[in-house]
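Engineer: Sequence:
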Amino acid sequence: MFKNKRMETRLQAGFSGMILLSILLGLVAFLNLSAMNSHWHEFESVTLATKDAVLAGNESLGNAIHYSAEAAPDETHFSRY
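Under UniProt numbering, think of the first position of the sequence shown as 1, with each following residue one higher.
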């Protein structure tokens with residue numbers, strides 16, 4: 001196909017093909033990076049929500065233990081008399 005073409009034409013066709021492949025590769029990389037970014041934000045929001053729920057539960061459990069420990073000695077003290 002290219003045997004009858006001039007050297008300049010063959011070089012231009014080869015470099016044009018390489019440039020097109022580079023642009024295509026860059027476009028595919030950009031699209032994959034955008035998709036990965038959206039997945040990361042979704043993962044991050046779920047992880048942060050889970051962390052907040054665990055911290056709230058831990059604080060509630062600590063408060064329940066603290067206030068029940070404060071009430072327990074008074075109740076046992078009054079029940080003896």
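Please keep in mind that the hints were generated in silico from the structure rather than gathered at the bench.
Among the hints, erroneous ones may be present.
[What the hints assert, rightly or not] Quick list of simulated restraints, FRET-style, between CB atoms:
#, residue 1, residue 2, range
1, ASN4, LEU25, 29 to 35 Å
2, PHE15, THR47, 29 to 35 Å
3, LYS3, LEU33, 51 to 57 Å
4, VAL28, THR50, 29 to 35 Å
5, LEU11, SER34, 32 to 38 Å
6, LEU48, ALA13, 36 to 42 Å
7, LEU21, GLY57, 51 to 57 Å
Note that beta-carbon positions come from the ideal geometry of N, C-alpha and C, so glycine has one too.
Engineer: Run the structure past the numbered hints and jot down the numbers of the failing ones, going up.
Structural biologist: Violated: hints 2, 3 and 6.
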